[in-house]
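So the chains spell out like this:
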Amino acid sequence: MSQNNKPNTKISNSTRLPRKRFYRARAHSNPLSDSHFPVPITPLNVDYSLHYPHFFPSYKINNDNDDVTSTDQAPSLGVCSKKIQFADIGCGFGGLLVNLATLFPETLMIGMELRDKVTEYVRERILALREANPGQYQNISVVRTNSMKYIPNFFEKGQLLKMFFLFPDPHFKEKNHRRRVISPHLLDEYAYTLEVGGIIYTITDVEELGEWMKACLEGHPLFEAITEEELKADPVVKLLTSATEEGQKVARNGGQTFQAVYRRISVSEEESR
Amino acid sequence: MAETTIDEGETNREMEVAPALIAVHPLEKSVAVAAGAELRVFDLEGDCPVTLLDDSGGPLHADSIRAIRFGAKGRLFASAGDDKLVKIWTTDSWRCLRTVCSEKRVSAVAISHDGLFVCFADKFGVVWVVSLDEEEGNQPLVNKKAAPILAHYCSIITSLEFSPDGRFIISADRDFKIRVTMFPMKPFKGAHEIQSFCLGHTEFVSCLAFLCTPDYSQGFLLSGGGDSTVRLWDIASGSLLHTCEVGAQAELVESNGDEVCHPAVTAICTFPVGSLIAVAIQSLHGVMLLNCDLSGRTLSVVKVVSMGDVFIATSLGMSSAGRLWMVTGASNIHGSNFTSLARVKVLAGFEMSNNLDSSENEPCMLEDANIPGGEKVLEKLQGCVSLAKEEKALAAATEAVKIAMRNLLIKKQYSVDKRELRKKSRNDRKLKQ
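Chains as they are written, first to last, in numbering that gives the first Met the number 0: chain W, 0 to 272; chain C, 0 to 432.
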């Protein structure tokens, strides 16, 4: 009997990975509340050495007050010019990021999550994976932020190649529809952040939300639907349903998913449509 | 629990406090002051007060006016505010051309330079457009209603400006951001192409203004914020060209131990001739003058023009005649005898705006009798000629405006315990029967 009881520690002794039950949080978090997490003033203020120490080793200099005043690149390695190119908006427990990390080992990716405990879980998970698999998972990280307000603070114009919106909060009530993470107005910001040719991936198990997201994307002048051939050829598309905890739960329950994958186009392309 | 209720009650009352506003016709043909719900206009050309003609028959605005401006080279005037109405006036006859209904309270308004469009922003972060072109017979119904063109997610938009060439519309919010968006020929389908974000302010952005000269027709964007700075931007790239720490320069920044109090920049006004900029700052009795080195793309403080008496400007206005019009005052001040107060002063001497060093061109405060139009103007705009006895009331008014602005635009920092307490009093929980 006692053999079945797992020790009450946050990190599992066998896998060294964090245990989800100690990081439980409600599925919903209010995006309107101004929470207290630091926000970079500009994309140049994003601390790459904090997120990707393997690519951006730093020498932190502490002044007398123990504040970090500057981070310098290790002189011998030269300056790494990589920028984050994939962003998982509302990354949840990090399933997608973990799968993408090995598929695109040279690409820097970040997950954005509003919930404190969940972000902490992902952080612990990434650290554990990095330790258990030397050289791998160095290209993924997570940050706690409200992506609906602060995406322009993290990414420069046209910086991202891919943006993911997997199983977002449906905000069922009609009066709350404007809070949805995919909306005609927010798509302006996502179009700004994605480079021309960049791709936005959305998926949900709520049919009404699926129709909503597709309608928003279809109606936006700067996005165009990906063709069936391209969908089949893209290795990332399979991950939308299989990689995340949410997606796996839907599959277990035999539910249907609704995806909309669109490419960011330029204005001149739009005019010739 | 009781603590939280009082908190919210106070916030609601103080949010109603509205600063007095002033706007000057580009050629100084007329001057307008908004004090609370009252809109007062004086025709300087015709030397008489203006009676505003409106179809409604009742008071023009039912609640505090939050934004007024002249546009389209002075042909049009717009007023909007807490009564959720935007009124567009023709300045020839001061007749109301159009009244537009907004879903939410309006916080900013802008008129396109060609006079075809009026844009307004609401407190939920949405920017709307209305067309003034009566000749578009194709879709009369569509043109009558306002259409949303862009939004800052759940943020209060504090200022709206069109770029000098009309290609861009700039919107500033309380989340420290300035967004530069391409303004399309047919804006009713939305303004979807973001040109840039001007990021750098460390507190809410409160005001925007453009500086342009014949040599630099694209102009530079200036912004003032709650971080006590005025910043210079290149809107095409979003780059921050220069930051001027105006609060520190005027020695207004106070620190009480851990808390540093930054007086917010409340208004910026650029002179049509030359490169001078007038800045109004909370706690500053007077106005600060900055100069912009256009080729070097830097800002520098020229001087602080201080008033002898209580005068923290809440709004500034300027015309090509080289005079700076200032107003101080507020409305709905709790506990005050007055429903609204407004005091107007004029600073002259900016014709030769670049030669402020020489004593001939010292900017000077005009005596009440010597302002354009004379004391009649003050009587109309202030509601009375002399406010000499009302120093205390004016001081209380400006303090109330300062608190209101802070409550509206700065996120309240709660301790972890207080946050948990507030979460407990959330009303979305199902009551256990």
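Please note: incorrect hints may appear among the correct ones.
Estimated spans, in silico, between C-beta atoms of each pair [to be verified]: (1) H53(W) / H112(C): 28 to 34 Å; (2) N44(W) / E398(C): 30 to 36 Å; (3) L365(C) / G157(W): 48 to 54 Å; (4) H333(C) / F36(W): 30 to 36 Å; (5) G165(C) / E210(W): 33 to 39 Å; (6) S57(W) / H112(C): 46 to 52 Å; (7) S11(W) / E15(C): 52 to 58 Å; (8) I409(C) / L49(W): 47 to 53 Å; (9) D233(W) / D292(C): 48 to 54 Å; (10) E227(W) / S424(C): 29 to 35 Å.
Keep in mind that the hints were calculated from the coordinates and are not lab data. Note that CB positions come from ideal geometry on N, CA and C, so glycine has one too.
Handout entry: Violations among the numbered hints
Key = Violated hints: 1, 8, 10; rest satisfied.
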